[in-house]
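A.B. asks: All chains should be modelled from the sequences, with the hints used to inform the complete structure.
Top line first, the protein sequences correspond to chains A and B. Its first residue numbered 208, the first sequence is counted upward by one per residue in the numbering used here. Its first residue numbered -10, the second sequence is counted upward by one per residue in the numbering used here.
By construction, these hints were calculated from the structure, which means they are not laboratory data. None of these values were measured; they are calculated from a predicted model. The beta-carbon is built from N, C-alpha and C at its ideal position, and this holds for glycine as well. One thing to keep in mind: the hints can contain errors.
Some chain A residues close to chain B (C-beta under 10 Å, calculated; not the full set) [claimed, not checked]:
{"id": "1", "residue": "A263"}
{"id": "2", "residue": "V267"}
{"id": "3", "residue": "H271"}
{"id": "4", "residue": "E275"}
{"id": "5", "residue": "R311"}
{"id": "6", "residue": "L312"}
{"id": "7", "residue": "K363"}
{"id": "8", "residue": "Y365"}
{"id": "9", "residue": "G441"}
{"id": "10", "residue": "L447"}
{"id": "11", "residue": "P547"}
{"id": "12", "residue": "G549"}
{"id": "13", "residue": "K578"}
{"id": "14", "residue": "L587"}
Here's a subset of chain B near chain A, in silico, CB distances under 7 Å, partners left out [what the hints assert, rightly or not]:
{"id": "15", "residue": "V(-1)"}
{"id": "16", "residue": "S12"}
{"id": "17", "residue": "L121"}
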Amino acid sequence: MTDEYTFPDNAAKTAAAAAPEFPPEKMSISMGPSHPSTHGVLRLQMELDGEIVTKADPVVGYLHRGDEKIAENMTYNQFVPYTDRLDYLAPLANNVAYAIAVERLARLEMPPRCQAIRVIISEMARISSHLMGLGAFGIDVGAWTVFLYTFTEREKLYRLFEELTGARFTTSYTRIGGVARDVPEGWPDRVNAFCDQFLPILEETLALLTRNKIFLDRTAGIGVIAKEDAIAYGLTGPNLRGCGVPLDLRKDRPYSGYEQYEFDVPVGARGDCYDRYLCRGEEMRQSVRILKQVLRNFPGGEWYAKDAKRIFAPPKDKILTSMEELIQNFMLVTEGPQMPPGEVYFEAENPKGALGFYIVSKGGGVPWRLKIRSPSFCNLSILPKVCVGAMLADIVSILGSFDFVMGECDR
Amino acid sequence: MTATADVATVLKEKFPQITGRESLDWPAFNVPGDQAPAVLQCLRDECAFDLLVDVTAVDWGVGQSPRFTVVWHLLSTTRHTYVRVAAACADDAKPSMPSVTGLWPGANWHERETYDMFGIVFTGHPDLRRILMWEGYPYFPLRKEFPLAGLDTSLPDPEVADETGARVKPAPYMGGPFVAAPGGPMDEAEPRAKDQSWTERQEKPS
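C.D. replies: This is how it looks when you write it as structure tokens:
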């Protein structure tokens, strides 16, 4: 029995006496769907033993809009704006992935200028997405300042996006067989200027975290994923590379002319939250490197495929003056671009991972089936494994380091 | 492409029933449903296709037989090439397919999603629940007979449904996604949502 002196006050004495009446039991808690660190509408149904997570069941689908069903009911061109809403932090990269998938189906080759524009916008989207991911990760683990730096830079990118596409967020810039319009006068120079001023700021921002004691304590050795597990669960993008698997589709299956550019693929060593952070930081440096190379030798010429007659809308002045182009435009709008029957699967290396489109065509202007393979969905599927054994506070770190977007996960 | 030939020879030797599948890009194979896990395991262990990138299904339409085809896409992290494996579900009314969660734990969510959207039961799956739609949702939305607008359904939570009397209603999308049927007479080719639930001429169903 407890001694009188051990518990000086009555309340503690009662508690000590009452404790055996409550057998140790596991607590189940529901984190999300509206929780600041679940980045959107992810819900984690967890079972806790004290502060240790013993079971985690992610509940997804709160943002399910049926994009695949919608795609089956509209023409290939009409679906472009829907791709903006997948990973809404990198809409330009989604546009590119979708356009290339359909062009593989139509067997179209893009002219060099169009490919270069697509590489530029993909890399800008990557920087903007990683900036957002980094800022949010910082907030999750208590480093507010990073967010302010990254958002300032992201804003500069959004100004450039607006100049190029007319929209900041939902860009819908690519078309099947090209891009919506050529780059504006002087825009490449402004992108170049952005790159020049961005690099020192990036270093400054990363320096806030890389050797930060608190950040290291919150991320190093937390959420460790083994190489084999990462592959078995189908992780892609920085999350896979953070585990030490050097898979980057830009390098390994180059598309849109990525083979012309020199860049390194950063890989992690331990597969923890800290390595995933380092990978993203390095990827931004590499993206700037790619941007610089594209802008140095920015090819001239056409920015849409000339042979995409039945797919790409004719120039507006021609539509208004020439019968042939008017009819072509009318058919294109009402029936959609006519595709050959067949099946294609194309994956692009997007900021979050490999975004894949599996298109089954029976011919005509509407896909019979369009499956979106979203990297966030696959990356989150490893959560039940990674979260078990972690402390509740580490879950926030793990989620932050995964950098997922629910718009893409739930489609 | 040598990798293509390799995969085809290895598979043909071990599984004589495999046939090539029409594809515009990667090597693709049709396999019998019951052999699918064995074929996928062979691809993983002998041809280095170690990353299961995607599992999905295609509904070929009401009345078609076989109606459902399950499609797997594999990627090799060392050879950097893809392969597509497809298997038709034998039963059109109650489609099922053996699960590959034992080979790739990552198949778990993909198979749950395919079940959720098409109603294909993956036998041997450890936890075949709905994933994007809510538990207890009565339809399979990506089946071709399911209308784009959706169907009238009760809310997921019976308590909330009772209290509010609210229901999940079909989307009121006059002017929604437009698609014209190609090749038909021009007056009917006016762009219209394929399965619009009502138009100017047709009364709104109550």
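A.B. asks: For each hint, tell me whether it holds in the structure or not.
C.D. replies: Hints and how they fare:
no., hint, verdict
1, A263, "violated (13 Å)"
2, V267, "holds (6 Å)"
3, H271, "holds (4 Å)"
4, E275, "holds (6 Å)"
5, R311, "holds (6 Å)"
6, L312, "holds (6 Å)"
7, K363, "violated (34 Å)"
8, Y365, "violated (28 Å)"
9, G441, "holds (4 Å)"
10, L447, "holds (8 Å)"
11, P547, "holds (8 Å)"
12, G549, "holds (4 Å)"
13, K578, "holds (4 Å)"
14, L587, "holds (8 Å)"
15, V(-1), "violated (20 Å)"
16, S12, "holds (6 Å)"
17, L121, "holds (4 Å)"
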